[in-house]
Amino acid sequence: MANVDAIVGWKTITFGCDILEPGNSVKFRTGDWRSQRPVLDKDKCIKCGMCWVYCPDMAYVQTEEGYFEANMEYCKGCGICAHECPKDAITMVPEE
Amino acid sequence: MAKRVGIEVSIAVSEAVKLARAEVIPAYPITPQTHIVEHLSEIIANGDLDAEFIPVESEHAAMSCCCGSAAAGARTFTSSSSQGLSLMSEILYIPSTMRLPIVMVLANRALSAPISIWNDHQDVMVQRDIGWIQTFAENGQEAVDLTLHAFRVAEDRRVSLPMIVNIDGFTLSHMIEPIELPDQEEVDKYLPPFKPRRRLDPRKPITMGPVGIPEVYTEAKVAHDQALKASRKIILKAWQEFADIFGRQYNPVEEYRTEDAEIMLVTMGSISETAMTAVDKMRDEGKKVGLLKLRLWRPFPSLEFRRIAKSAKVLGVIDRCLPPGAVCGPVGEEIRSLFYKVPGAPKVFNFIAGLGGRDVTVERFEEMADKAAAYAKKRPKELYEVIGVREK
Numbered sequence: 002m003a004n005v006d007a008i009v010g011w012k013t014i015t016f017g018c019d020i021l022e023p024g025n026s027v028k029f030r031t032g033d034w035r036s037q038r039p040v041l042d043k044d045k046c047i048k049c050g051m052c053w054v055y056c057p058d059m060a061y062v063q064t065e066e067g068y069f070e071a072n073m074e075y076c077k078g079c080g081i082c083a084h085e086c087p088k089d090a091i092t093m094v095p096e097e
Numbered sequence: 040m041a042k043r044v045g046i047e048v049s050i051a052v053s054e055a056v057k058l059a060r061a062e063v064i065p066a067y068p069i070t071p072q073t074h075i076v077e078h079l080s081e082i083i084a085n086g087d088l089d090a091e092f093i094p095v096e097s098e099h100a101a102m103s104c105c106c107g108s109a110a111a112g113a114r115t116f117t118s119s120s121s122q123g124l125s126l127m128s129e130i131l132y133i134p135s136t137m138r139l140p141i142v143m144v145l146a147n148r149a150l151s152a153p154i155s156i157w158n159d160h161q162d163v164m165v166q167r168d169i170g171w172i173q174t175f176a177e178n179g180q181e182a183v184d185l186t187l188h189a190f191r192v193a194e195d196r197r198v199s200l201p202m203i204v205n206i207d208g209f210t211l212s213h214m215i216e217p218i219e220l221p222d223q224e225e226v227d228k229y230l231p232p233f234k235p236r237r238r239l240d241p242r243k244p245i246t247m248g249p250v251g252i253p254e255v256y257t258e259a260k261v262a263h264d265q266a267l268k269a270s271r272k273i274i275l276k277a278w279q280e281f282a283d284i285f286g287r288q289y290n291p292v293e294e295y296r297t298e299d300a301e302i303m304l305v306t307m308g309s310i311s312e313t314a315m316t317a318v319d320k321m322r323d324e325g326k327k328v329g330l331l332k333l334r335l336w337r338p339f340p341s342l343e344f345r346r347i348a349k350s351a352k353v354l355g356v357i358d359r360c361l362p363p364g365a366v367c368g369p370v371g372e373e374i375r376s377l378f379y380k381v382p383g384a385p386k387v388f389n390f391i392a393g394l395g396g397r398d399v400t401v402e403r404f405e406e407m408a409d410k411a412a413a414y415a416k417k418r419p420k421e422l423y424e425v426i427g428v429r430e431k
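Top to bottom, those sequences are chains A and B. Position in the first sequence counted from 1, then plus 1, gives you this note's numbering. Position in the second sequence counted from 1, then plus 39, gives you this note's numbering.
None of these hints come from the bench; they were simulated from the model. All figures in this text were calculated on a predicted structure; none of them were measured in a lab. Glycine included, C-beta positions come from ideal geometry on N, C-alpha and C. You may find that some hints are simply not true.
The calculated lysine-lysine pairs, modelled on PhoX-like cross-linking and capped at a C-alpha distance of 20 Å, are [stated by the list, open to error]:
1) Lys416/B with Lys12/A
2) Lys272/B with Lys12/A
3) Lys326/B with Lys416/B
4) Lys276/B with Lys234/B
5) Lys416/B with Lys352/B
6) Lys380/B with Lys416/B
7) Lys327/B with Lys276/B
8) Lys57/B with Lys272/B
9) Lys228/B with Lys12/A
Label pairs and their in silico Cβ distance ranges [what the hints assert, rightly or not]:
10) Gly10/A with Tyr379/B: 53 to 59 Å
11) Leu422/B with Ile8/A: 38 to 44 Å
12) Gly80/A with Arg238/B: 22 to 28 Å
13) Tyr379/B with Ser26/A: 27 to 33 Å
14) Thr92/A with Glu91/B: 25 to 31 Å
15) Lys260/B with Gly80/A: 35 to 41 Å
16) Ser151/B with Asp89/A: 28 to 34 Å
17) Gly248/B with Gly80/A: 51 to 57 Å
18) Gly80/A with Glu77/B: 23 to 29 Å
Take the sequences, apply the hints, and build the full model.
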């Protein structure tokens with residue numbers, strides 16, 4: 002979540018509450034909302050990238066080996082990747 | 040030289056918008072504002088004003104376009120009334136906190152039901168808290184002058200807030216009055232091109248109107264409130280500059296025969312002219328009655344109002360809006376709060392009159408002044424009284 006101490010007051014807030022830095026949403030780590038995580042079975046994965054295509058948070062990145070892995074700082078655990086995977090290689094497991 | 044012409048007030052307002060060199064006008068026609076929008080559309084179609092007229096599908100869209108236009112850095116104008124203004128409601132709160140200057144002339148009209156196209160102030164009072172600067176015109180000349188003033192204030196980089204100029208529907212909008220339309224040269228001197236503090240620009244991307252999480256929402260709203268309060272100085276300065284160039288002086292609270300007045304009536308908009316006639320008549324009869332005309336409604340001119348009204352014994356505040364179930368009318372409520380527990384403050388009585396186009400005559404003003412004087416001696420049971428209602 003956002004660091005409350007770092008947030009400005011009414012005198013220092015940006016004009017009209019604008020956000021002046023483009024693309025700064027990457028700083029907003031939304032992964033802690035997650036109640037379950039995707040786990041990949043590499044034996045089943047064909048590296049098709051459908052998980053990467055469908056991920057609504059663009060949390061998936063391709064590794065050097067060619068597999069796709071979700072970045073847990075942004076993955077909200079929605080399960081769309083598991084639902085779309087043509088090989089059922091992704092399983093959603095509850096976060097402890 | 041500026042020329043004085045006989046002209047319908049709506050047409051004169053459109054001419055003022057042309058003189059102000061508005062650049063984008065998204066608008067939807069509604070009675071009694073229609074002539075303003077129609078004439079502007081003609082002016083642009085005839086090539087007399089280099090502006091984009093956007094004939095939107097609703098007032099909701101009109102105000103949305105206004106936000107986009109102001110964010111892009113264009114001088115933006117629109118106009119509405121009554122039900123149309125209500126349809127804008129969702130958007131009206133947005134440009135103010137986002138600090139987007141937009142000028143809107145509002146031809147005030149009652150709200151349904153029953154359906155009424157006639158004049159009162161219920162439409163704008165519903166939108167009291169949208170955080171726009173709001174002024175009220177008393178006659179056609181003021182409608183023109185306040186429109187020019189609105190662009191000057193709204194677009195001032197220290198203010199950068201949207202602004203409503205209220206003109207009474209029909210009573211002003213459809214009257215033909217002698218109005219002095221200023222020269223283009225003078226208007227250009229008063230109103231430099233719009234230079235926004237920031238604008239939408241693909242070369243320098245920013246986000247306007249983002250989510251305000253609980254950690255920043257309060258701060259964003261307080262920043263807006265403080266900006267609206269701080270706009271007071273600029274509003275006054277712009278009126279002074281207006282007087283220097285055009286020779287007509289405006290004040291947030293206008294006084295009429297208030298010297299030694301024990302009873303002061305408080306009005307907004309065009310009924311003030313009838314009220315002045317009534318005050319003259321009562322003065323001739325030896326009654327110590329004066330008139331306060333509220334020109335600036337938001338930010339409320341607390342300092343000026345207290346200073347001027349404190350010498351009165353009684354204030355008869357006239358609201359042209361009946362908020363069902365409320366303590367009293369919105370203007371009455373405001374002025375009661377202003378004087379609450381102030382030592383030596385005048386007693387405040389609230390009258391509701393002139394709803395849905397009902398005329399407020401000289402006799403009605405006399406009735407209100409007399410009642411205010413009587414109520415100062417014997418407190419009435421109710422906190423407001425509807426004037427001229429048939430009790431049968």
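Okay, the hints, checked on the actual structure:
Between Lys416/B and Lys12/A the CA atoms are separated by roughly 48 Å; this puts the pair beyond 20 Å, and the hint is violated. Note on Lys272/B and Lys12/A: the hinted pairing holds, with a Cα-Cα distance of about 19 Å set against a maximum of 20 Å. Taking the CA atoms of Lys326/B and Lys416/B, the gap is near 16 Å; set against the 20 Å cutoff, the hint holds. This hinted pair checks out: Lys276/B and Lys234/B have alpha carbons roughly 19 Å apart, not beyond 20 Å.
Simply put, Lys416/B and Lys352/B have alpha-carbon atoms about 11 Å apart, close enough for the 20 Å limit, and the pair holds. Distance hint between Lys380/B and Lys416/B is fulfilled; the C-alpha atoms sit about 19 Å from each other, no more than 20 Å. Only pairs whose Cα atoms come within 20 Å are accepted, and Lys327/B paired with Lys276/B is rejected, the gap being roughly 33 Å. At roughly 27 Å between alpha-carbon atoms, Lys57/B and Lys272/B are farther apart than 20 Å, so this suggested pair is violated.
Annotation: proposed proximity of Lys228/B to Lys12/A is violated, straight-line Cα distance about 33 Å (limit 20 Å). Checking the proposed 53 to 59 Å range against Gly10/A and Tyr379/B shows it is violated: the Cβ atoms sit about 30 Å from each other. At about 43 Å, the CB distance of Leu422/B to Ile8/A agrees with the hint of 38 to 44 Å. At roughly 41 Å, the beta-carbon separation of Gly80/A and Arg238/B lies outside the given 22 to 28 Å, and the hint is violated.
In this structure the supplied range 27 to 33 Å is violated for Tyr379/B paired with Ser26/A, their Cβ-Cβ distance being about 47 Å. Between Thr92/A and Glu91/B the beta carbon distance is about 55 Å. The supplied range of 25 to 31 Å is therefore violated. Evaluation of the 35 to 41 Å hint for Lys260/B and Gly80/A yields a pass: the beta carbon distance comes to about 37 Å. The supplied range of 28 to 34 Å is broken by Ser151/B and Asp89/A, whose beta-carbon atoms lie about 59 Å from each other.
Between Gly248/B and Gly80/A the beta carbons are some 31 Å apart, a value that contradicts the proposed interval 51 to 57 Å. Between Gly80/A and Glu77/B the Cβ separation comes to about 56 Å, which falls outside the hinted range of 23 to 29 Å.
Violated hints, listed in ascending order, are 1, 7, 8, 9, 10, 12, 13, 14, 16, 17, 18; each of the other numbered hints is respected by the structure.
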